[in-house]
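*Asks:* Chains as they are written, first to last, in my numbering: chain W, 1 to 487; chain A, 488 to 617.
Some clues are possibly wrong.
[What the hints assert, rightly or not] Dumping the calculated DSS-like pairs for lysine-lysine here, alpha-carbon to alpha-carbon at most 25 Å:
#  : chain 1 : residue 1 : chain 2 : residue 2
1  : W       : K356      : W       : K366
2  : W       : K140      : W       : K83
3  : W       : K398      : W       : K348
4  : A       : K521      : W       : K140
5  : W       : K368      : W       : K435
6  : W       : K140      : W       : K156
7  : A       : K566      : W       : K83
8  : A       : K566      : W       : K278
9  : W       : K348      : W       : K435
10 : A       : K521      : W       : K356
11 : A       : K521      : A       : K566
Rather than coming from a laboratory, the hints here were simulated on the basis of the structure. In this text, all values refer to a predicted model and were calculated from it rather than measured experimentally.
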Amino acid sequence: MPNQVLALHRVSPRCYDLSRVRTGNVRDQLLRSTVIVNALYSEGLIGNGWPLLVYGAGPAGMNAAMLAAERRIDAVVLERTQKLFQTIFLCAWRRVDPTEYDWPHAHWLSGAFPRSGKNIPLSQPYGMTAFTLAAAWRKKWRDFENKMKVPDLVGKVEVLHGVNANNLTLSDTGLGALLSATGPWDATNPARSTRHFGAVLSCIGYGDELVGEEPRNGRWNNYAGPRFWHDNDTVTPNAPLPRTITNVVISGGGDGAMQDFQRLASSQALFGRELYTKLRQLLRETGLDALRSFPNPDQRLRFLSAEETGRRAFSWAPDRYGVPDAMAQWHDAFAGPVDAAVASWPDKVAKAVADKLFRTELLDSKLKIRWVMQDPTPGYAYALNRFLSLVLLALARKCQPSLDITVHNSSSIQTIAPAEAGHECVSAPGCIGKKHVVLIAPRCGHGATAIEEADLIIIRHGLEPRPQLLGGRLPVPEQISPFDLPH
Amino acid sequence: MMNGEIACLSEPGLVIVVAEDDNELQGAADILDKNRAPGESGLIIVSQDYAANHPGPIPDWLLERDIAIQPSHHQNLWKTAADALADYRRAVRFTNQASAEGMRYHLEDPDAEPDDRDQFTQARETDYQR
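Using the sequences and the hints, build the whole thing.
*Replies:* The structure is reproduced here in structure tokens:
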């Protein structure tokens, strides 16, 4: 029977693509790279003198290479940049938290991931800045380099910076055992040579973010918003917003949009587990049973059930008729209990919670948030992001008109134009804090809304599929839960 | 505030310095480089004004020196630095432990159920169960 982990990630003989199967979060990349390397080893594809070739020196690629080397299997890592873990290393203004992906599963705070009835400990058991995680991984790599100096302790990991995997030609050796890779192996020398490997694993990531107009027809005047990892959007934890940020537009219905909505709406720019912890603390302080227990076990069970159904509908039949309905049912299973619960809270109590949960600028009517999504409900998202976004929206509705938050569902941004004389949208950073006119139009075509002075426009429209280095089948369009990894 | 060696926090693999305003960035980067070994990570905690004045990616000159920046409320710069260092210590411990434990789980001891969580996580669990 073929190894199911390898079958799921295989694109051609001895070629495996971790980036082809989403999810995109750091934790799941680490888990996938671990189980793939273990499977390659147990199936005899690497080892016995057959090294591993890895594309990409991010967390997944370096984890795979070091795991292989721990078994005394040599590995070669190709990295197009000059640094390791560069993307997340440079992002010290955004936190990543592996526990938030699994809420409300019972293990969500345990710092471990259950698989085959056992717990795999997570290398990052709680939230921290992306930078911190990358710095710890760099430390691990430095320690590993020292290990490699001890004879016969571990295999050799060779990281080749600046070498482009696109320039390699992969071919079967004809012997049915090894893969040959021919190309330039030195960034400064175009001479081609051939190396042999037992397998190749691509960990290059999921493609460029969609933060601008798609399709590009000029109606956005070249506007592109801040990128999730790469751009400081000026929303700083535990600090007020810059005075130039007063009118925010967020476009998108997935996790990125939900996380940024939470960061902008909440005090201290909290999101995910930290915001949940604060919410629970505030609800406990009310002393009311209905609030102290929210969300109660029945509600969490309902969320969990909807989560499993929705994920599978989206994962296994993303393009088929009926998925939008499944998405709506998924969302409604959360929205129903949340809206009913918040609506039942006494007004004074709800206001007291809102006063501590929301950002001061929002409470003082110095900040407006407009959230645009193309469907009637948000789409695929982790349960905790959905739950927290819904709580914030329900509380805002209950406390209106003091909180100026509006959701434009079944709508999209039609036009973006600079509102300040002399400003041109030539770069995303240059547009932050500058006034723009944003026209939001509902799908039905009636009743467009013009936002006259939008000074932070965040576009979270997912990822543009990256051409796969290893070819093979089409990528799975959206996320498959790691719970679906074969056992 | 910048007085050479004292104005940085460090742990093997990481050096953190603080810059109270944009003008101090260059000096902070110099102190950082002076205090780190080749290959060690570097972080500058900058006042929130930096975030407002410099939206977008890290500037090229910091990128070339392999230094990350973290904005913070100007009253909490050193607390943010201390928190970052504490987070890093925990991350290093877990990064090493998890890999070793994960390997053991997969390779040698399928019955192993590691349950060594730090106080932070345990406190959050208690909070959740309460």
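*Asks:* Next step is simple, just say for each hint if it's right about the structure.
*Replies:* A quick look at each hint next to the structure:
1. W:K356 - W:K366: 16 Å, holds
2. W:K140 - W:K83: Answer holds: K140 (chain W) to K83 (chain W) is near 14 Å, not above 25 Å.
3. W:K398 - W:K348: Between K398 (chain W) and K348 (chain W) the Cα gap is close to 10 Å, so the pair holds against 25 Å.
4. A:K521 - W:K140: Answer holds: K521 (chain A) to K140 (chain W) is near 22 Å, not above 25 Å.
5. W:K368 - W:K435: The hint holds at about 13 Å.
6. W:K140 - W:K156: Cα-Cα ~15 Å, so holds.
7. A:K566 - W:K83: 28 Å, violated
8. A:K566 - W:K278: 20 Å, holds
9. W:K348 - W:K435: Violated, at about 36 Å.
10. A:K521 - W:K356: 43 Å, violated
11. A:K521 - A:K566: 22 Å, holds
Checked against the numbered hints above, the structure breaks hints 7, 9, 10 and satisfies the rest.
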